[in-house]
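Enquirer: Residue-level listing of the chains:
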Amino acid sequence: MAGYIFSLNDARLTALPSGALWWSHRGILCVSDLHFGKSDRIARRGGALLPPYETRDTLERLETDILRNNPQTVICLGDSFDDLAASEEMDAEDHLCLTSLMAGRNWIWIAGNHDPGPIGIGGSHKSEIAVGPLHFRHIADLAKTAEVSGHFHPKARLSAKGRGMSRPCFLLDNHRLIMPAYGTYTGGLRSDSAALAALMEQDAVAILTGKTSVAIPMPR
Amino acid sequence: MTALPQIFQDWFTARGWRVHPHQSALLKRQNNPANLLIAPTGGGKTLAGFLPSLCALSKDGSTGLHTLYISPLKALAADIRRNLQTPVADMNLPIRVEDRTGDTSQSTRNRQRADPPDILLTTPESLALLLSYEDAPRLFGTVRRVIVDEIHALAENKRGDLLMLCLARLQALAPNMKRIGLSATVEDPAALARYLACSPQECEVLLADPGPAPDIRILKTAEAPPWNGAGAKYAVPDVLNAVSLAQTTLIFINTRAQAELFFRALWMENEADLPIGLHHGSLSRDARDKVESAMLAGKLRAIVCTGTLDLGIDWGNVDLVIQVGAPKNIKRLVQRIGRANHRYNAPSRALLVPANRFEVIECRAALKAALAGDLDGEPRGKGPRDVLCQHILNTACAAPFDSDALFIEVKSAGPYSTLDRREFDDCVDFCATGGYALRKYDRWRRLVQNSDGTWQLRDPRASRAIRMNIGTIVGTETLAVRLKNRRGGAPLGEVEENFAATLTPGDTFLIGGEVVTYKNIHEMTVQVTKEARRKPKIAVFAGTKFATSTVLSARVLQMLQADDWPDLPFHTRKWLHLQRKISRMPGPARMLVESFECDKRQFTCFYGFAGRNALQTLGLMLTHRMEQDGFQPLGFVSTDYALLIWGLKQIEHPAQFIKREDLLEGFETWLGGNAVMKKSFRNVATIAGLIDKNFPGRRKSGRQTTFSSDILYDTLRKYDPHHLMMQITREDALAGLVDFGRITDMLDRFDGQFEHVVAPHVTPLAAPLLLEMGKIRIRGSAEEQLLADAAEAMMAGAGLS
Numbered sequence: 001m002a003g004y005i006f007s008l009n010d011a012r013l014t015a016l017p018s019g020a021l022w023w024s025h026r027g028i029l030c031v032s033d034l035h036f037g038k039s040d041r042i043a044r045r046g047g048a049l050l051p052p053y054e055t056r057d058t059l060e061r062l063e064t065d066i067l068r069n070n071p072q073t074v075i076c077l078g079d080s081f082d083d084l085a086a087s088e089e090m091d092a093e094d095h096l097c098l099t100s101l102m103a104g105r106n107w108i109w110i111a112g113n114h115d116p117g118p119i120g121i122g123g124s125h126k127s128e129i130a131v132g133p134l135h136f137r138h139i140a141d142l143a144k145t146a147e148v149s150g151h152f153h154p155k156a157r158l159s160a161k162g163r164g165m166s167r168p169c170f171l172l173d174n175h176r177l178i179m180p181a182y183g184t185y186t187g188g189l190r191s192d193s194a195a196l197a198a199l200m201e202q203d204a205v206a207i208l209t210g211k212t213s214v215a216i217p218m219p220r
Numbered sequence: 001m002t003a004l005p006q007i008f009q010d011w012f013t014a015r016g017w018r019v020h021p022h023q024s025a026l027l028k029r030q031n032n033p034a035n036l037l038i039a040p041t042g043g044g045k046t047l048a049g050f051l052p053s054l055c056a057l058s059k060d061g062s063t064g065l066h067t068l069y070i071s072p073l074k075a076l077a078a079d080i081r082r083n084l085q086t087p088v089a090d091m092n093l094p095i096r097v098e099d100r101t102g103d104t105s106q107s108t109r110n111r112q113r114a115d116p117p118d119i120l121l122t123t124p125e126s127l128a129l130l131l132s133y134e135d136a137p138r139l140f141g142t143v144r145r146v147i148v149d150e151i152h153a154l155a156e157n158k159r160g161d162l163l164m165l166c167l168a169r170l171q172a173l174a175p176n177m178k179r180i181g182l183s184a185t186v187e188d189p190a191a192l193a194r195y196l197a198c199s200p201q202e203c204e205v206l207l208a209d210p211g212p213a214p215d216i217r218i219l220k221t222a223e224a225p226p227w228n229g230a231g232a233k234y235a236v237p238d239v240l241n242a243v244s245l246a247q248t249t250l251i252f253i254n255t256r257a258q259a260e261l262f263f264r265a266l267w268m269e270n271e272a273d274l275p276i277g278l279h280h281g282s283l284s285r286d287a288r289d290k291v292e293s294a295m296l297a298g299k300l301r302a303i304v305c306t307g308t309l310d311l312g313i314d315w316g317n318v319d320l321v322i323q324v325g326a327p328k329n330i331k332r333l334v335q336r337i338g339r340a341n342h343r344y345n346a347p348s349r350a351l352l353v354p355a356n357r358f359e360v361i362e363c364r365a366a367l368k369a370a371l372a373g374d375l376d377g378e379p380r381g382k383g384p385r386d387v388l389c390q391h392i393l394n395t396a397c398a399a400p401f402d403s404d405a406l407f408i409e410v411k412s413a414g415p416y417s418t419l420d421r422r423e424f425d426d427c428v429d430f431c432a433t434g435g436y437a438l439r440k441y442d443r444w445r446r447l448v449q450n451s452d453g454t455w456q457l458r459d460p461r462a463s464r465a466i467r468m469n470i471g472t473i474v475g476t477e478t479l480a481v482r483l484k485n486r487r488g489g490a491p492l493g494e495v496e497e498n499f500a501a502t503l504t505p506g507d508t509f510l511i512g513g514e515v516v517t518y519k520n521i522h523e524m525t526v527q528v529t530k531e532a533r534r535k536p537k538i539a540v541f542a543g544t545k546f547a548t549s550t551v552l553s554a555r556v557l558q559m560l561q562a563d564d565w566p567d568l569p570f571h572t573r574k575w576l577h578l579q580r581k582i583s584r585m586p587g588p589a590r591m592l593v594e595s596f597e598c599d600k601r602q603f604t605c606f607y608g609f610a611g612r613n614a615l616q617t618l619g620l621m622l623t624h625r626m627e628q629d630g631f632q633p634l635g636f637v638s639t640d641y642a643l644l645i646w647g648l649k650q651i652e653h654p655a656q657f658i659k660r661e662d663l664l665e666g667f668e669t670w671l672g673g674n675a676v677m678k679k680s681f682r683n684v685a686t687i688a689g690l691i692d693k694n695f696p697g698r699r700k701s702g703r704q705t706t707f708s709s710d711i712l713y714d715t716l717r718k719y720d721p722h723h724l725m726m727q728i729t730r731e732d733a734l735a736g737l738v739d740f741g742r743i744t745d746m747l748d749r750f751d752g753q754f755e756h757v758v759a760p761h762v763t764p765l766a767a768p769l770l771l772e773m774g775k776i777r778i779r780g781s782a783e784e785q786l787l788a789d790a791a792e793a794m795m796a797g798a799g800l801s
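If you read the sequences in order, they're chains E and G. Once you know that position 204 of the first sequence is 204 in the numbering used here, the rest is easy, because the numbers rise by one and skip nothing. Once you know that position 681 of the second sequence is 681 in the numbering used here, the rest is easy, because the numbers rise by one and skip nothing.
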């Protein structure tokens with residue numbers, strides 16, 4: 001089960017092809033921007049009636065990553081729910097699946113911009129958390145270092161032999177890691193956009209998700 | 001009134017015209033519920049359609065909208081309006097004629113709804129929009145006649161399906177409305193009549209005199225055509241010569257990319273400086289308008305064009321049609337040749353230019369078929385239900401509806417006459433709640449049922465989004481191309497986003513006949529500079545790949561059975577005789593399969609003659625099985641007549657791979673994961689209203705507001721595989737690019753009979769396939785490998801590994 005291994009402030013981390021981050025030394029699995037309940041929120045606001053299965057699909061993938069790596073701690077790096085109402089109205093079946101994943105583990109919900117307040121589901125709720133040499137928060141802070149954050153849903157585009165391919169990706173430089181969005185139905189922001197280009201150093205890499213983890217220089 | 005009133009007789013006489021037999025015939029039958037007139041271009045077809053209305057209006061005047069005229073092109077509607085002014089002004093008739101299309105100003109549109117003209121000329125989309133307004137019953141209640149022009153073209157795709165549903169709606173609002181369809185030559189007039197009719201009522205067919213047989217020849221060229229390719233560059237001097245001898249020529253070519261290349265090739269040798277224009281769908285509106293005006297003003301000697309000019313204004317001065325590249329189907333060829341019929345009783349002239357040696361045979365077969373009037377055409381299946389879903393939502397915008405009444409109304413439309421109630425209810429359910437197995441959207445449903453059983457929009461504000469989504473034309477993702485540092489001004493044209501993604505700064509490509517150099521992408525626009533020097537990379541425009549029709553394929557196969565071919569040029573004859581010598585000639589009774597080795601690869605060639613789409617599908621399926629069975633296929637390529645597969649292992653018994661039952665078994669699993677399905681899904685989901693249409697300028701330059709339809713497809717496939725959208729997608733894909741029907745037909749035709757020849761080297765008929773572009777590499781782990789290699793190279797290059 002390949003993944004891209006790298007160091008951030010002396011912490012040895014693995015970027016998994018699924019878009020999750022694995023810190024084996026501390027048994028921590030980190031995922032970002034799950035956006036549970038997105039289809040419901042869109043419907044509520046008079047938008048399209050999209051296939052209402054994205055929460056279940058995200059949970060299934062999360063379950064696979066959890067069973068495979070068996071983390072003691074899971075950190076959800078913000079925007080776990082598309083909005084507050086989504087957390088309250090979660091399907092009974094999905095709720096059961098989530099609580100069974102949470103059972104017996106430390107589960108940390110970092111507040112995002114979509115779900116800023118405390119959520120009525122177990123686990124602990126923080127706005128940010130420091131673990132050893134690293135800091136976990138929802139949105140990157142240019143003034144800080146040794147940071148793992150989400151929010152931007154980065155994706156990278158490259159072309160090889162006339163074929164254009166676009167994948168959600170991690171963005172990594174010496175100071176920080178920006179996580180890809182883990183949830184189904186999450187769109188993406190291109191790595192060459194102004195916001196991301198400003199945050200990352202010149203020698204940053206993009207670690208693509210997909211069947212295997214592959215790193216390329218961050219497209220700018 | 002079935003005879004022509006005196007005032008009209010006098011008008012015809014004053015113009016020096018005789019009344020055509022089909023014009024008086026249509027007038028005589030004007031009280032039929034529906035009439036279909038099949039007539040060639042230039043034969044007073046349009047006037048024939050309008051005479052019943054003009055006569056009635058001249059006598060009785062009207063209160064409100066009397067006649068609707070629908071055409072597929074905005075330009076045609078505008079043109080007809082100008083043309084109708086002549087008889088109206090000459091005879092001083094109190095008739096108001098106006099057109100209404102996407103180009104009509106907002107103030108005019110508002111006024112037209114409040115105070116409609118007697119005759120309104122419009123497009124199918126504009127009609128659908130008008131029907132979605134609450135005042136539709138008032139506006140259309142007075143309609144007595146509807147004329148559908150170029151109905152043969154509309155009947156080939158979803159635009160026609162939506163139009164027929166709209167006509168059914170109109171009929172409900174104006175029960176005495178009578179229909180007239182105007183069509184070019186078609187292979188099955190009775191089927192087209194049933195399409196137009198208000199089922200189960202009849203529609204009468206009137207056949208006008210088709211005029212003299214067309215003068216079709218194959219262009220004589222100084223150089224022989226090459227072995228493969230689609231460019232026809234070799235024929236440029238001869239084409240220029242033909243253009244110089246004619247007054248005005250339309251040069252049809254199959255794809256936009258080829259049109260750009262051929263246009264450029266013509267100009268490179270255009271020493272006589274003949275004014276030649278270019279016209280295709282990816283050029284900017286501005287560029288196309290310029291060419292069309294120049295044509296109308298008689299300033300151009302020729303236009304290189306794609307199918308965009310198949311329909312259009314009748315330019316009186318076109319006297320020659322050149323078809324570059326073998327025609328894919330005879331009907332389209334005959335219709336195109338009809339564009340050169342500027343005078344009704346003069347024969348149309350056409351020249352065919354084969355692009356390669358095999359096409360010489362195809363051109364000869366097409367020529368014979370056209371002269372014999374042997375037209376082809378795939379019978380269109382049942383009306384697709386994504387269009388029906390859109391129609392249901394459009395109907396709900398205007399007023400609440402009763403589903404029993406709407407079902408009967410929908411069934412009266414030709415394409416939907418065999419719709420069953422269950423299928424209809426599934427569509428209503430989809431529109432109301434999304435139709436998911438997981439019943440989640442009861443609170444947020446789009447349609448609610450009232451206590452009296454009628455359905456209506458839960459939130460009236462939803463009608464805005466529904467109206468913006470009206471129409472069945474779904475664009476691919478394209479980016480505008482502009483000159484860098486040029487603020488404003490019209491774009492040069494547009495290219496597919498996928499093509500733009502493969503460009504690196506410095507790459508050159510052709511657009512609008514100019515070579516440009518790619519600089520960068522800025523705010524969803526491809527910025528370029530003009531660059532005359534280098535050889536351009538070809539711009540890849542996506543477009544439908546037309547496959548050679550079954551009739552044409554059968555004719556070609558039959559032609560090959562002859563002992564000799566005295567009417568084919570020497571190089572082609574020699575090539576075919578050589579094929580007989582080294583291998584065998586493919587035939588209709590047994591499928592020829594050849595095996596040979598070349599460059600340390602093992603090749604197998606299947607001569608299926610099923611059209612390139614079906615053979616490509618077959619290629620995907622066969623290589624999938626070969627990979628599973630350990631035969632290590634490396635790639636394949638298909639043309640309209642053969643499929644060539646190559647790999648590392650020799651295949652001793654190729655026939656085993658084409659067993660009908662085995663193929664069908666593997667098909668479903670294969671189909672599900674297919675990229676073609678995802679492409680179809682995007683179209684289907686957009687038309688049905690699941691996804692919003694992607695308007696240019698609506699996409700924000702940064703964060704995407706919509707995500708890829710592929711994710712929706714994958715999710716449905718996993719969690720709700722029998723969802724309505726998946727059913728419709730499957731039907732859509734099977735009929736379209738996958739062309740699976742032709743594979744089963746092919747298998748039935750050959751009925752398990754194969755002829756396997758092991759040749760000592762590449763055979764003459766297989767050779768061109770080796771040179772063919774568009775080879776498909778087998779995926780498997782190929783894409784990940786590609787990615788990994790490219791990534792490694794990039795990291796090393798950046799000093800990061």
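No lab work stands behind these hints: they were computed from the structure. Honestly, I wouldn't trust all of these hints.
The calculated SDA-like cross-link candidates involving lysine to any residue, where the alpha carbons are at most 25 angstroms apart (straight line), are [stated by the list, open to error]:
#1 K718(G) x R41(E)
#2 K484(G) x P219(E)
#3 K211(E) x S709(G)
#4 K519(G) x A194(E)
#5 K693(G) x P219(E)
#6 K440(G) x P219(E)
Enquirer: Each hint: holds or not?
Expert: Here is what the structure says about each hint:
At roughly 22 angstroms between alpha-carbon atoms, K718(G) and R41(E) fall within 25 angstroms of each other, so this suggested pair holds. Among the hinted pairs, K484(G) with P219(E) is consistent with the structure: their alpha-carbon atoms are about 22 angstroms apart, no more than 25 angstroms. For the suggested pair K211(E) and S709(G), the alpha carbons sit about 20 angstroms apart, so the restraint of at most 25 angstroms is met. With a C-alpha separation of about 18 angstroms, the suggested pairing of K519(G) with A194(E) holds against the 25 angstroms cut-off.
Distance hint between K693(G) and P219(E) is unfulfilled; the C-alpha atoms sit about 29 angstroms from each other, more than 25 angstroms. At most 25 angstroms may separate the alpha-carbon atoms for a hinted pair to count; K440(G) and P219(E) exceed this at roughly 40 angstroms.
Checked against the numbered hints listed earlier, the structure breaks hints 5, 6; every other hint is satisfied.
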